[in-house]
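Top line first, the protein sequences correspond to chains L and E. Every number in this note's numbering is 26 more than the matching position in the first sequence, counting from 1. Every number in this note's numbering is 26 more than the matching position in the second sequence, counting from 1.
Among the hints, erroneous ones may be present.
Note that the list lumps identical chains together, so a pair holds whenever it fits in one copy or between two copies.
Restricting the straight-line Cα-Cα distance to at most 27 angstroms, the calculated cross-link-like pairs of lysine-lysine (DSSO-like) are [stated by the list, open to error]:
| no. | residue 1 | residue 2 |
| --- | --- | --- |
| 1 | Lys48 | Lys129 |
| 2 | Lys281 | Lys171 |
| 3 | Lys281 | Lys223 |
| 4 | Lys281 | Lys82 |
| 5 | Lys178 | Lys281 |
| 6 | Lys171 | Lys112 |
| 7 | Lys171 | Lys263 |
| 8 | Lys263 | Lys67 |
| 9 | Lys48 | Lys281 |
| 10 | Lys178 | Lys129 |
| 11 | Lys178 | Lys82 |
| 12 | Lys223 | Lys171 |
| 13 | Lys67 | Lys178 |
| 14 | Lys153 | Lys48 |
Note that these hints are calculated values from the structure, not bench results.
Residues per chain, in single letters:
There are 2 protein chains.
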Amino acid sequence: MNISELTPAQARALIRNEEWTKPTSGMANGYIQTNLAVLPKELAFEFLLFCQRNPKACPIIDVIEEGSAVAALAAPDSNVKTDIPKYRIYRDGEFTEERTEVKDLWTDEMVGFLIGCSFTFEEALLKNGIPIRHIEEGCNVPMYKTSIACTKAGRFEGPTVVSMRPMTEQQAIRAVQVTSRFPSVHGAPIHIGDPSKIGIQDLNQPDFGDAVSVNEGEVPVFWACGVTPQAVAMQVKPSLMITHAPGHMLITDMKNDEFSIL
Amino acid sequence: MNISELTPAQARALIRNEEWTKPTSGMANGYIQTNLAVLPKELAFEFLLFCQRNPKACPIIDVIEEGSAVAALAAPDSNVKTDIPKYRIYRDGEFTEERTEVKDLWTDEMVGFLIGCSFTFEEALLKNGIPIRHIEEGCNVPMYKTSIACTKAGRFEGPTVVSMRPMTEQQAIRAVQVTSRFPSVHGAPIHIGDPSKIGIQDLNQPDFGDAVSVNEGEVPVFWACGVTPQAVAMQVKPSLMITHAPGHMLITDMKNDEFSIL
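Let's have the full structure, built from the sequences with the hints guiding it.
Here is the structure:
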């Protein structure tokens with residue numbers, strides 16, 4: 027089975043039937059994959075406003091309204107209670123368990139948020155000949171908490187989390203151009219160069235994910251990361267929060283290229 | 027007094043003191059002006075989601091959370107209860123009155139939405155030598171209800187309203203380029219050419235604003251319009267809704283150029 031050639035519906039069916047419980051990287055090539063955050067309805071307005079105010083870190087792809095489990099715009103035949111390979115459950119802000127479905131937990135009082143992920147712009151970078159070090163090294167992208175505060179909304183506030191990809195200065199210029207075309211999936215980098223200027227002490231010690239090599243002649247390039255809204259939501263200690271497990275995304279029917287504005 | 031050279035704070039002070047009660051077009055040149063919609067808190071999540079799902083028609087610039095009347099991000103020293111020259115009050119979906127301030131009406135149970143307006147991209151079009159007919163003819167831009175349905179969110183649904191500017195085909199190509207740089211204030215046009223294809227029967231009979239001349243060799247170019255969210259919200263018949271009167275906008279401290287992504 028060549029997982030890159032699956033249709034989104036085929037990929038979701040495999041996942042729903044628990045025939046695929048691994049990360050979704052490389053599946054259904056060319057289609058948007060999303061992060062998931064499910065929160066109690068009483069937090070929904072503040073969280074949506076937080077995402078609206080921090081669009082680079084929290085690009086909303088779809089919202090699953092109360093009483094539904096279908097991503098009506100992004101994947102009309104989905105069931106988001108079953109179509110992610112691995113979920114994480116947090117109670118009062120504490121991680122409690124991982125599960126392969128959340129049918130009994132996701133009640134009519136919950137609202138689900140699908141948030142864009144960097145897979146979309148990584149495809150565009152690769153097409154432009156820009157290397158992605160963590161793909162080359164077969165690990166997760168390195169992610170760091172920064173000194174860049176998100177814009178507060180209601181109870182939601184905290185630092186911006188960034189992902190980092192090393193490249194040459196020439197490639198960094200091209201990377202700015204390429205990712206500026208995708209403002210609704212993280213957009214342009216938020217920093218290039220000296221990590222200490224955004225509060226990162228040691229590139230070899232990421233807060234999430236894995237460290238990667240930065241070669242001679244390369245600079246680190248930082249993008250706002252979809253881990254930000256989860257990290258911020260956890261601080262609010264919702265009675266129940268459901269997320270995807272890292273790397274285990276929802277595969278939608280929307281094409282990456284649809285999200286380019288140019 | 028040259029109103030185009032006022033700072034935003036000076037312009038808001040004139041308006042707050044009721045020394046200026048006319049439309050704001052041409053004031054504080056270069057700064058974002060916004061539409062206003064104030065709704066009861068129980069509708070806030072659905073309305074914000076409606077805007078998020080229809081970003082071309084409903085570009086959110088700032089949200090004034092319950093218990094506040096300050097546009098904290100867009101104009102930190104504003105008082106949105108007084109800083110608009112003319113407000114309109116709707117009760118149960120019916121227009122009831124116009125006022126120059128809404129101090130007693132805007133209670134802690136209300137949430138205010140500031141929505142981008144076409145003044146931003148019109149400045150960019152003019153800088154690129156593209157004529158704006160309704161400015162030339164000294165009238166309001168013509169606006170039309172279309173057959174293009176907005177994406178529904180909760181109780182909010184209805185047709186997209188567009189504004190129209192006639193120009194040559196060559197200018198239309200440049201206009202697509204210029205306005206694509208501003209995805210957060212309506213962005214690229216949603217239609218060029220034959221009005222009947224989007225359900226408009228007669229360009230001379232706009233649903234809002236004034237008809238303008240379309241000269242020999244020109245095509246009509248249509249952009250999603252900020253009147254859309256007000257028209258849609260009215261259908262929901264909120265117990266109380268406060269909006270700006272047409273053309274009487276909130277002047278913010280944010281520069282038009284800050285909203286260009288390229």
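Evaluated hints:
In the homo-oligomer, the alpha carbons of lysine 48 and lysine 129 lie at most 27 angstroms apart inside one protomer (19 angstroms), although the nearest pairing across protomers, at 56 angstroms, exceeds that limit. Taking CA atoms no more than 27 angstroms apart as the test, lysine 281 paired with lysine 171 passes in neither setting, with 30 angstroms inside one copy and 29 angstroms between copies. In the homo-oligomer, the alpha carbons of lysine 281 and lysine 223 lie at most 27 angstroms apart only across protomers (26 angstroms), although the nearest pairing inside one protomer, at 35 angstroms, exceeds that limit. In this homomeric assembly, lysine 281 and lysine 82 come within 27 angstroms of each other (Cα to Cα) both inside a single copy, at 19 angstroms, and across copies, at 19 angstroms.
In this assembly of identical chains, the alpha carbons of lysine 178 and lysine 281 lie at most 27 angstroms apart only when taken from different copies (21 angstroms versus 31 angstroms within one copy). Proximity of lysine 171 to lysine 112 under the C-alpha cut-off of 27 angstroms is restricted to the intra-copy arrangement: shortest distance 24 angstroms within a copy versus 45 angstroms between copies. For the homomeric pair lysine 171 and lysine 263, the shortest alpha-carbon distance inside one copy (19 angstroms) is at most 27 angstroms, but the shortest distance between copies (44 angstroms) is not. With identical chains, the CA atoms of lysine 263 and lysine 67 are at most 27 angstroms apart both within one copy (14 angstroms) and between copies (23 angstroms).
Within a single copy, lysine 48 and lysine 281 get their C-alpha atoms as close as 22 angstroms, which meets the 27 angstroms cut-off; across copies the closest is 46 angstroms, which misses it. In the homo-oligomer, the alpha carbons of lysine 178 and lysine 129 lie at most 27 angstroms apart only across protomers (26 angstroms), although the nearest pairing inside one protomer, at 32 angstroms, exceeds that limit. For the homomeric pair lysine 178 and lysine 82, the shortest alpha-carbon distances inside one copy (14 angstroms) and between copies (24 angstroms) are both at most 27 angstroms. In the homo-oligomer, the alpha carbons of lysine 223 and lysine 171 lie at most 27 angstroms apart inside one protomer (12 angstroms), although the nearest pairing across protomers, at 49 angstroms, exceeds that limit.
With identical chains, the CA atoms of lysine 67 and lysine 178 are at most 27 angstroms apart both within one copy (19 angstroms) and between copies (18 angstroms). Taking identical chains as interchangeable, the C-alpha atoms of lysine 153 and lysine 48 lie at most 27 angstroms apart only when both belong to the same chain, with a minimum of 25 angstroms there against 53 angstroms between chains.
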